[in-house]
Each structure stands twice: as structure tokens, then as C-alpha cells.
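Knowing the structure of chain A, use the given hints to seat chain B on it.
Here is what each chain is made of, one letter per residue.
There are 2 protein chains.
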Amino acid sequence: MRTACIRTALLGTILQAGLLAGCGGGEPSGSTAQPGTARPVRTSTDGAAGLPVDARKVMQERNLSPDDVTAALRTYMPSGRHDDFLMFASSGHAGQVIVIGLPSMRILRTIAVYTPESWQGWGFGAGNDVIAAGAVDGKVMTWGDTHHPGLSRTKGEYDGQWLFIADKAHARMAVIDLRDFETKQIVKNPIAISDHGGAFATPDTDYIIQGGQYGHPLAWEYADIEEYDTRYRGHATFWKFDRQRGRIDVENSFALELPPYWQDLFQVGWGPSDGWSFGNSINTERYTGGIEKGRPPFESGVSQSDTDYLHIINWRAAEKAFRDGKFTRVNGFPVLTLDTLKKENILYFAPEPKSPHGVDVAPGGDFMVVSGKLDPHVTVYSFAKIQQAIAAKNWSLDPYGIPVLDFDAVVEARVELGLGPLHTQFDQQGYAYTSLFLDSAVARWTLGGPYEKLNPDRPWSLIGKTPVHYNIGHLAVPHGDTPKPEGRYLVALNKWSIDRFAPVGPLLPQNLQLLDIANTGANMKLLYDMPMGIGEPHYAQIIRADLLKPWNAYPEIGWDPHTQAVSPHAPKQGDEKIVRRDERTVEVFMTAIRSHFKPEHVEVLEGDRVIWHVTSVERALDAVHGFMLPGFNIMLSIEPGEYQRFEFTADKAGVYPFYCTEFCSALHLEMMGYFFVRPRS
Amino acid sequence: MRTACIRTALLGTILQAGLLAGCGGGEPSGSTAQPGTARPVRTSTDGAAGLPVDARKVMQERNLSPDDVTAALRTYMPSGRHDDFLMFASSGHAGQVIVIGLPSMRILRTIAVYTPESWQGWGFGAGNDVIAAGAVDGKVMTWGDTHHPGLSRTKGEYDGQWLFIADKAHARMAVIDLRDFETKQIVKNPIAISDHGGAFATPDTDYIIQGGQYGHPLAWEYADIEEYDTRYRGHATFWKFDRQRGRIDVENSFALELPPYWQDLFQVGWGPSDGWSFGNSINTERYTGGIEKGRPPFESGVSQSDTDYLHIINWRAAEKAFRDGKFTRVNGFPVLTLDTLKKENILYFAPEPKSPHGVDVAPGGDFMVVSGKLDPHVTVYSFAKIQQAIAAKNWSLDPYGIPVLDFDAVVEARVELGLGPLHTQFDQQGYAYTSLFLDSAVARWTLGGPYEKLNPDRPWSLIGKTPVHYNIGHLAVPHGDTPKPEGRYLVALNKWSIDRFAPVGPLLPQNLQLLDIANTGANMKLLYDMPMGIGEPHYAQIIRADLLKPWNAYPEIGWDPHTQAVSPHAPKQGDEKIVRRDERTVEVFMTAIRSHFKPEHVEVLEGDRVIWHVTSVERALDAVHGFMLPGFNIMLSIEPGEYQRFEFTADKAGVYPFYCTEFCSALHLEMMGYFFVRPRS
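Line by line, the protein sequences are chains A and B.
Heads up: the first sequence at position 405 corresponds to 404 in numbering that gives the first Met the number 0, and the numbers run straight through without jumps.
Heads up: the second sequence at position 50 corresponds to 49 in numbering that gives the first Met the number 0, and the numbers run straight through without jumps.
Wrong hints could be hidden among the right ones.
Remember, identical chains collapse to one label, so a pair may be satisfied in a single copy or spanning two.
Listed next, the in silico EDC-like pairs over lysine to aspartate or glutamate satisfying Cα-Cα at most 20 Å (straight line) [stated by the list, open to error]:
no.	residue 1	residue 2
1	Lys138	Asp650
2	Lys319	Asp205
3	Lys292	Asp574
4	Lys651	Glu220
5	Lys576	Glu291
6	Lys325	Asp338
7	Lys56	Asp66
Simulated from the structure, these hints should not be mistaken for lab results.
One chain only, chain A, in its complex shape (with noise of 0.2 Å):
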């Protein structure tokens, strides 16, 4: 055959790009890719106008109205060009983080969680330790519930270290590093099993709260529903959180014992009312339920009472009780029994309409607003009228002894505002946002008092109204659940899609939208349509993007992004070995980088127990490999200078190819060696 027009000379150039650069445009480590590197305006083509011909062409032939191009030109990102914000949303019963950009809306990654992902190589050799850590009564879950991310705080602000979220479905609790967004902790709550699947911090991260859900006895014991009032009951568990390691410190967390009253969200308060927590809850009916038994549905029977009850915690007296000592231990957990919380007055209620969804405390620290579900309106209480009421007790009694103050006294305002008020987000103009779900909309409304003079609009008044597609539970402010919201933009969490997006079948995407609240006056716009079909987001907490500092690759080679340092474990590049420790162990420790692992071919013997090591020694930015073993379940994903570390049985003779799984250069394909387990003879 000819090779004539075959480029052999060509072979050197590209078999060294392929080793040494693979790919175009790398960053030197360390450093920080720039954000919104300006391009040059060129000249329309179109001076008078402004816009080019092309566009117009484009508008009428796609028949945009003009709100359409302006939306289209306010969330369109070109090349390069990051988004604003960082939007850190739950997934619901996926389990997982889901981070997105505003306003592009475009989903930048997930957080892998309480759910193995091979993508990320979680739970497939690397992060096992961790998911198996929150198992249930020695049962490892593979799914989690999530709801409620929480950033870390700093006085009450967002300082992008860590996100904390919960897992509704078995109430955990677990830790992310925004170092490196990866998740470096679960927790599994030793009284509960249900929460509601939030995490709250307390304004420097001395704790992260956990509220409870539906009623249990404690550890879940069985007792009889029909012991409902007596065994049956609630928490609020305060994990403490240790900043300099990285973790949550169970030895220091405790809990407190509540009424079964199925608490839902809680809030922590800042400013005013720094060391104080608030909390919903739906069934202080203490309906239990039997729809079979010809009783009414749950539904209806936790929803017969006009009120429920807020929850008012004094945590940093509840933080002074437990470190006197004043606990009982039920599975092994410090608890503060209901009996302290009334001696060390811990815990007040105060009437709430009715099985109320969120509470959320204004920017100052000052109010705290409940929306009221199946009551049309929000209703604003004073921490201050709430701290008079307390000092004069003015209260009655719940059924367990505990203060309910006297609703007028702690209310400040009731807002009317619509069907199915959910949740209430701030921004910096003195507005408060609340999600309207039976309505389908978003209803924009005015704080008062101290707020009042920052827009032209009446206080304590609804403003506006704007619908969202279709049925929204939350909705997200940039830094909208702190003192100082960014309110620029609005995302609403609608549940439902219906129509929105071409059918993919009889499971719809969600449908968050994106909203432009930076003017006054009830002018919102709808933005954006995004569908969200690879989980559920609940509640989502919106940062600047300018404030996280992830890494771009780990800090040296050999990084063990457990315990975020160097290993002493980690192989180098010149340590690469095969080693038998004894009949049945063999250790590999493997170097990865563009393009081949080394050593290229592993031998064991059927049956061996085999530790596996392997190290990047990548340092560029974006210099990814995967590593896969076929029929062991191992899937790693390495990033640069990160080192890894799992054990397996070698179960089955048989030759098993490995392979590089994520695309790392021209020869990538290449990237592969074999494991040979040999029959035992």
C-alpha cells in the first residue's frame, strides 16, 4: 500500500501534543480562571437602531415580542462570559446538590450527596466511607431526600466555605467543602428518623439546626399510635459545627425533645434576635391518621385547627443547659427533655394560621414571617413584641406545659396576599417576596416599620403579582435569607411544567423560572423557563459568585480530599509498585497523567484482597481522569494531584481491562492497562 500521502512526519508532533499538552488552553495551576472578561462592542450594523438587521430578522421570524428579546438578552451568556451568581439548589428525592448559574440558568454541576454518582465517583471506591457513615440501624442507604441547603455563615452573611443539607428521608446530616464541592461528611441523626430535610446555620456556624418532621418516638422505638400524645414526639437537633476541621462535632450536638406536632422548617435569627431559632409546625391537632379505618385522610385531619404553632427557641440558652449538663441521653444523643426546655426557658409557641410551610426572618433580624399554606395571608411577628410577651408571660399553656404567647401581642402585621402562601424571600428595597401556590404566583408585598422608607410603596401592603408556570413552593433571592439580600433576580421553584416543555414522558421536568425584581412598584418580569427533570429542588440559597474560591486543581499531588492534605500514602511519580503484603493482600500503587496509568498491567491471584492506590500527578487545570475497574464496581474520578485509595476482593479469575473514563487528550482512548487475576492453582 502506499504511504505516501499518509503523514508519518506528523506522528511525532501529534503523539507529543498528545502526551505533554493534550489539549489547547491550559491555565497554570493555582491560579483563577477570570470571570467576565469584557469583549469589545462592534459596531452594529444597524446605527440607528441600535440592534443588528440579523436580530430583527431573527425576532420576527421566531415572533419574539419585545419582552422576549429583552429577557433573551438579559440571561444569554456568550462564550466565556460567567454567570453572576451561583445558585446552590436541593434536588429533592435525587439526593444530590445541583448547582446553577444565574442568570443564565444553565446547570454548571451537581454535588454528589447521599447518592452514589459515577460521574463524580462517589460511592464507587472513593466517598463509601462517607455515605456508609449515615447508614440506618447498620443499613447502608444509597438515596437521600434533600430540601434545604444551608451556606455557611459569617454574622449571618454567606461566606462560601461549606453547604450543609439534609436528608428528609432518614434524617441526616451532611457536609460540603466549597473548596473543592465535594461532600466530606454524613451524619445520621440517632433519635429521628424524619426531618424535614433542612439545615439551618446559626449567624458564625456554631450550629447547624435540624428540624423535625413527622412525629416518632424517639429512636424510632415502636410504640402504638395510639400512644400518639404521650410517646410520640418531635426534635430540633443542633449540630455543632468545627470550622478548623471541617465537620460537624458529633460529641458536641444535641437535640431538643418537642411536641409531636410535625415541626417543618425552621430559621435562625441574626442581629435582634441572634441566638434565637424559629420553626413551623402543621399537626398540633396531633391527628394520627386511618383513612382505611374510615377515618379522615391525614390531609384533612392535621388541617382542622385554625392555628398551629410557632416554634421560638432560645438556642444559645438551650447551648448553656446542655453544657451544664442538663440532658438525658436517649440512644446514646444528649436531649434536652421538655421538662428542661420549660425549667430553662428555652422553648415558647405562638399561634401561627394554619399548617403554615416556611418562616423566614426579615433582613434586620427583626420580624419573622409565617406564610400561612391554607391561610391566605403571611403573618408578621415582632421579635421585640415577642421578647415583651415573654418577660410579662403573657401566655396560656399547651397541653405539655409549654408558653403559648398571645397572638396579638407578638403579631406585628397580616398581609393578605392569596391562595397558598408558601415562603418568603427579602431583598434590599424593603420588599418581601412570598410564593403563592395555589394561585401560581409570585406576590411581592412591602415590610414596614423600618423598611418603609426604603421604596415609594405603602407598608405592610401587596404590591404586585406575577404568575409562574405553574404551582411554585419556593422561591430564592441572592442572599434573600440573610441581613443583606442582593434582589436583583428571583428564582420561583414551580412543582409543576405541565405544558412548558416538549413531552419526555408521563415524568415532567420542574419548571424554575427566572424573575427580574430590580425595579419597584409591582414591575417583575419573567425571565427564563428552565427545565429541571434530574431531581426536584426545594429550596435553593443564592451567592455571589465572587465570594466561593474553589480550587482549581488540589494544592499539591498526592491530596487526599478526605482529610484535605497531602498523603503519606499517595504514590509519586517513581513510586509506582505492585507489592504482595502476605498470601492474600496486594497493594498497587498507581500514577495517573496524560496518557497512561502506570504500571500498565496489574496481577493478582483469585481471592486476594487488593488495596488500590492512584495518584494524579496532573497539575492543570481541568486535567481530569477517571479510573474503572469492570465487575468490582469501582469507578473513580481523579482530579488534579488528587489521590485515591480503595479495597476490593479479587473474586473472579478472569483478564479485566481498565480504562481512563473521562476525556483527557488525543490519545485518550489509549488510556487503559489490564488486570490480570490468575487461578489460583
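For chain B alone, coordinates are given in the frame of chain A:
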């Protein structure tokens, strides 16, 4: 407490709304949402210019170029407008399929395949059987590496009914039903542990072809690497598809034993080349690696030769040989040996430069384009010339005695494009598009011969290159690998994003870029950057959305998605009950409707085996419920009408609240019940 301000009268209204409607805007069952509802064009506020003043301000404010504006307007989707195309993308080592709308480039949903996914309820009580059927050596794998989706075809064109996708990590094949976008079957290849993860449907979907990747002994039995040439093999497996049953018919499937040349991607011919299949190889050197022994690494050893072998398979002849019983069984599976391939004239080779990655068939089925990877050309083979060379026996023999056709006799043209050509797609204007990995660009070039008249450019020529960001792997044009491409758009599936997106840690997303290729000449425009941080798509197929006819709800109440028929076991309203079958077995029959489960109390004894049936008796579009049990790893997603059944052992006494995980109504939070496991006395 005063209740004057609490509108109790509203209770009835809201509760009613919550119970009966749940949410606004439901479509009647069975109807299909109407796509692309036209919206009235509003007169611009700036008549002469045609674009609103607001928009011009935004353009300046955000420093958008005219091209940016055009791109934004081409891709923006107003609320309720449906995408024109659906892209079914692989997700790499996430193990799933990702469904993306074009031109908006929004993820509509994922389809869980090889990796359990709890939002869709896949692998947590439902789908476990399907996943288990793909076990490797009796061990259930919970991840996969998906590379090449294959839509089912009729006369070579996408018919929108089925989607096939293979698992590169373990050599498996999956079948997805596009009526409900769910995985119905996973089969494990009995003779191979390595494949490329590709699924290629023959023109009428008689077979799905799965080609091998890394050479290993058949059935991955142990053999020393020294025996590579004699004991290690490749394969091409032909899975028979039974369209009636919607399943791979394993009994009528077979494989070809191939030399251990590391086959890569296969493609199937149509029209003149109907009955033939074409596949690459990358290691005809039969290099076996061993960098740790001082030998060159695989990446260079397998790249030494100027050419590898294009595999040319007469699959109709292979089918005939199989049906005539001319096979041997390996691990129980029918294999046509190398000898048979030779005797029955099934397999031919042609030299192809140089470790190529893709072979793509032109729309007329007349040319096969090989992208050179380490050679800067695409090499175009003529099927007519291949047939002539075969007839004339114009060949030499490879080491296994397989005919290697003369290169010059079968090549129609070679076009030099640039560095790192990987894959090619086509449009209806006679253009071809090839990804250039190292150049980080898409090359547009022209086919010749019968295609010459379709565009004004000269044939067999490079016309232009558009940079992409960065390092493109595959590319996809709507219907671009069929007889009738619709070349309006092209998606570049780029591997590295580097600086394109806000930093999210050391594991970056990929970047899928949408290009406008509707014009002629060199005019291709970059439209949209889509971050991809939930998996790593390799190839994708793009189909017109109107060709898909997914269900909005299951056709009847009690529908079993696995049999795609009503199940006799499915409880309907009135059938709810709990039945003790024996001392150790309890069977539960439950229904779900907004907003309650029935029964709400389920009690068993510790140690009971529990069989649980649940039917959603909903009919409305988007009325989905979730069902979970804590502590038993159960999470189901139950679409309207769907019936599911799961089993587990209630191995620990306690009280376990269950609840609906998918937000379904105003009283969603109240849609719960209790699972009691009473200690056995």
C-alpha cells in the same frame, strides 16, 4: 386568642382546592400538550428599528455584540414554547441518558439506565430486576459508562420508538422505551467485558450492533498477556431486537470473533450498503503495554503503525451463517469463529490511517468516512469500490488470514482537515462536519460525486473551520447519521471547558456548544455554550421532537411499566388492604391520589417479608407521586396510572413514617403514613 382576622371560612375552599385540583392547569388525560403555541407579536415601542428600547439598553449594559444578540434570539425559548429537536445524549460514566432540547440547550430530563437514580425511582424498589439482569459474574453493578445512543430506525431513519445504549465499562446493552422514557431491559454480553459503549441499529432495527474495544480472551477468562495474539480477541455482537416485545431477543443474537485489534466505533450502512457494517480499530499493532517494565506505554505502542484496519462486515451473511448453525458457543453464546468469517466471506479489512476513532456513513449510504485522529485527513471509502475490490479479490492477508483490501482500490478521496479528526456528521446540502480534537475546531468540508450539486462549493474540499471551546470529541447534527439529515444545527460535544464557566472546583463541566450551520460556505456560527456537569456525553443523536409520541400518563390505571400492560395485581380504589399470607409474610395493597395514601397505617411484625403493591390512580398530566420507606432503601416515582410492586424484609422493629416525595398538591406535605414494625413477642 382572637380569631377574627383568621378567615376560617376560607378553609373549606382551600382544602377543597387542595384535595380535588391540587394544582392549576391540568390537561385532560390522554391529550398531548400542544407545542409551539404562537404568541401575538406586539408592536415594538421603536417602530423604525424593530427592536425595543429596553433591549438596546440591555445590549449596551451587558456589552453584547451583534452576534451575541442574534445568538441569544436564536436560542431563547419564551415560556411555553417547545424546543424543535430533542437530543438524546450519552452521559459517559454517569451511566445514563440525558435528554436536551434544541435550540434552547436545556436539559429536559435524564433517563436512568445503568446507575440507580432515586428521583426517577430507578433501582430503589423499581427497576432493581432490570439492573440485576445485567450482573457481571453474578455481581450486580450499579454504574455504567454510556457512549453512543442508538435510536431505533425504520428504513434507516429514526422512528422515535426505542433507544438503545451500551455500557462500555462492562459490555452490556440497554433498551429504553420512548413511550414512557424508561429503561426496560439490560443484557450482559456473555463473551465480552469490554466494548465501546456503542449501540448501532441496522436500518430496520433487526439488530443492534455492539462492537468490542480492548482485546481480552473471550468470556474474559484468564490468559497470560504473552498469549495475546492467540488467545485475546475482539468482537462485534449482533443483538436481535424483537420490536413486538420491545426486547432484545438473546436467543437469536450472536457475535463475531474478531482479531484483538481493539475495535472502536461501528456504523451500519443503508441503501447501497444495506446489510453491511463498518468499524474502526486502533491496535492492529497488537501492542500489549507494560510501561512499568520499561516498555513504551500503550499510548505510543498502539500508535506506531501508519494504518489500522477498517472492519467491513457483511452482517446479512453473518446472520445467514448463524441461522445455518455455523457457530460455536462461548459461555453459552453463539460465536462465529474467525474461520467461519473467512469461509463465509463475512469479514474484510481495509487499511485506515491512523488509530482512527470514528467511521461515519454518508447520507447516500455510498461513502464511509474515517476520521484519522492521529492523521490530519479524513479518508473516504467508496462502497462501490469496496465491492469491486472484493469481487476482484484485490487483497492481501492479515496475520489471521483475513483479506485486507488494497487501500488505493477502495479509497475515493482524502481531505486534509487539521489536527485530530475524530468524528463526522452530515447535512442535506452535501456538507460533512468533522470534529478536530487538537485544533479544537469543527471543520466543514464537502462530499463529492453525487453530492457535488447540493452546494456551490468545490467537492472533496475543506471549506472552513470554526473554533470550539475546547477540544471537541463527537459532534451531532439532527438526523445527521441517517439518510436524511436536517442540518440546521450542530452540537459540538467539547471535552474541556477550562475558563468558560464560573469555577465550581477541580472537577469542571464539559461544554456542549450549539452551532448554526444553516448557511453555505464557511459560514458557521457559534450560538450557545451549555455547561455539562452531570455526566460526560460522548455521542448524541438529535431527533425532531414531533417524531416522538411519548405518553402523558399511563394508558390505564394499574399499568405495569415493565410489561407495558395493566397488571392483574394492581390495586385500584376500593382494593386497598393488608393481608397476612402466613406467619412471615404480609402483602400490602395501596393506592395513591392527591393528597393521601390508603392505607395510612401499615403494621407488620419484625422479620416479616413484606410484598407491597401501590397504584397511582391519578389521570392528569404531571400528577406524579413519590413513595418512600426510610431504612429499607425504597424510593418509587409513580406516574399517573402506574403500578409498582416491591419486596423487602422488615428486619428491625420501629416506627417509620412514609411520605410522598414528589410535590403533588397544596397538601403534599401531609401526604404521609406510618409503617409500624412491631417486635415479635
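Open item on the list: Check the structure against each numbered hint from earlier and tell me which ones fail, lowest number first.
Closed with: none
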